[in-house]
Amino acid sequence: MPASIHAFGSVDAALSRFRREPLARAGLIVLVALAATCVVGPAILDRLGIAARTIDLEAQFEPPSFHHWLGADRQGRDLLARLLEGGRLSLAIGILGASVSLALGGAYGAAAGLAGGRTDRTMMRVVDLLYGLPYMVIVILLGAYLGRSVLVLFLALGLVEWLTPARIARGEVARFREREFVLAARALGSTNRAIFRRHLVRNLLPVLVAYLALTVPRVILFEAFLSYLGLGVQPPDVSWGLLAADGVQALTPVRVYWWLVLFPAAALALTLLSLNWVGEGLRAALDPKRRA
Amino acid sequence: MLRFAVRRLAFLPVAVFVILSAAFFLVRTLPGGPFDRERSLPPAVQKRVREAYHLDEPVWRQYVRYLEGVAADLDFGPSTRYANRSVNGLLADSLPTSFALGAAALAFAVLLGAPIGVWSAARPRGALPLLSTTLALVGVALPSFVVASLLLLLFGFVLEWLPVAGWGTPAHVVLPAIALGLPVAAVVARLVRVGMIDALSQDFARTARADGVAPSRILWRHAFRIGCLPAVSYLGPAAASVLTGSFVVEKIFAIPGMGAHFVNSVLNRDAPLLVGCAVTYFVVLYVMNLFSDLVHAGLDPRIRLR
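Line order of the protein sequences matches chains G and P.
Count the first sequence with my numbering and you get residues 1 to 292, in order.
Count the second sequence with my numbering and you get residues 1 to 306, in order.
Next comes chain G alone, as it looks inside the complex (with noise of 0.2 Å):
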């Protein structure tokens, strides 16, 4: 077999102008910081004999200060232990979630594109019904049926957001359908599916790995909105999202409690940021257009 086909050009072309782009660079280099800091962190706050989830009712609402760096909340816990804890939660939602709904939205998008004709509409229309129907009704029967652990969560997650991932990939499959390579392999006998694993897969890839990087933020924000309900992350498990919703329920117009919503909020910010820097830096390396 000869060397991949592939319609972006090489692999290499493609990262060297990513690397060209400042801001997804950038982005890059703060996600990589952000994540390694919530993974090493932990461990390295226990030292100093700073845990998560130990109440100390004497520091509640303690401002940033000499032992709560980033100060405390309304039980007295540290708020950088529990941001580092919340980042490892908040992160893997994102991941996980965002995996889900790419590769059910992208298988099922590719067996509609190959498939064309008639299957291929009916299918798109399902689609497009699907995005009339409320999201908050699959949340919550997938909690009511699974029970509220975070796994259901990353289930219900991808499914709200496999949608935009199907009609992306079905785009990217019509197009590559007709094309020579394509036509060869069907002329030397291939299948659909030995089309679809041997030259449509690698094609289709980057394309929903640069959306991967768009959807994470979605499904991170997305489980703020939950946590905001209620029906997110449950104590005593913490994610950004429900960091920053109860820094926001603490604030009143008599005290503000500013740490507890401007880090949360902060944390998310330069988290979401990144993403979709790095997420629209992709896009452009791996626009056909933009091949040299």
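Hints listed in this document are in silico derivations from the structure and should not be mistaken for laboratory results.
Values in this document were obtained by computation on a predicted structure and should not be read as measured data.
Where a beta carbon is used, it is the ideal one built from N, C-alpha and C, also for glycine.
This list has only true hints and no planted wrong ones.
Cβ-Cβ distance ranges computed for the label pairs, FRET-style:
1) G:R20 with P:M1: 41 to 47 Å
2) G:W69 with P:R217: 53 to 59 Å
3) P:F157 with G:R197: 56 to 62 Å
4) G:R179 with P:D203: 24 to 30 Å
5) P:A171 with G:Q249: 24 to 30 Å
Given chain G's structure and the hints, the job is docking chain P onto it.
Just chain P now, with coordinates in the frame of chain G:
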């Protein structure tokens, strides 16, 4: 173009039927009934309540009964949560509020997002990229409840420029419309910027420049027609969700809109109300998408609708 619109609208009843059925059965398959969270009633009373709402019948009988009501005179039935309120009445009360707020939010989003997108495409250096990055920061990277709460705290409580909550006067619209419109404005700015960069690099823009057409005229009269198209496709679905209300913004600013019904009807297992909300949202979405397709065809002479 007229034939396209007519054909699309002719499909609407079929689509509504599918959405209605899906929403109805989804809520009915949820564990728990609409009255399970009430104080425990004597069994005889409970039986009468269930009979009054036909909940004692098999689900498919309820479905047929419901469908008949909708088909005969667009009656979406009584709410099982709010006693003596019909779904039509609840929607008639809340939809105009959400529509007014949503229209204001959309106007804000377009008036803020489009110029920023155009200018940042025309001048890639300077203060504008900073402005659009800030907009993206607030719009894309922060949960709406954080943005809304901070706006409320700053302009409502600290500066006391605007009313804190409620509905009725034009001043009440400002803060919630900004909170609702900011995320949309951020996406519009990004899409317009991308579309404008693409349009400005096309042959017609180069030809206009060679002909000596004024730069601002090229930007707004020639390139914007094509450059705004990605934003137009996005605004179809975005308008539908903004016009039918947002749970978060309505809750924070105490606005009697429709967004709360979407969430609460599921939590309360209020099937008729959820179906009413789902159908309303779907019809708005369908019309907005059609509208966005027509605007596309109107702006870009190369697009032909069939």
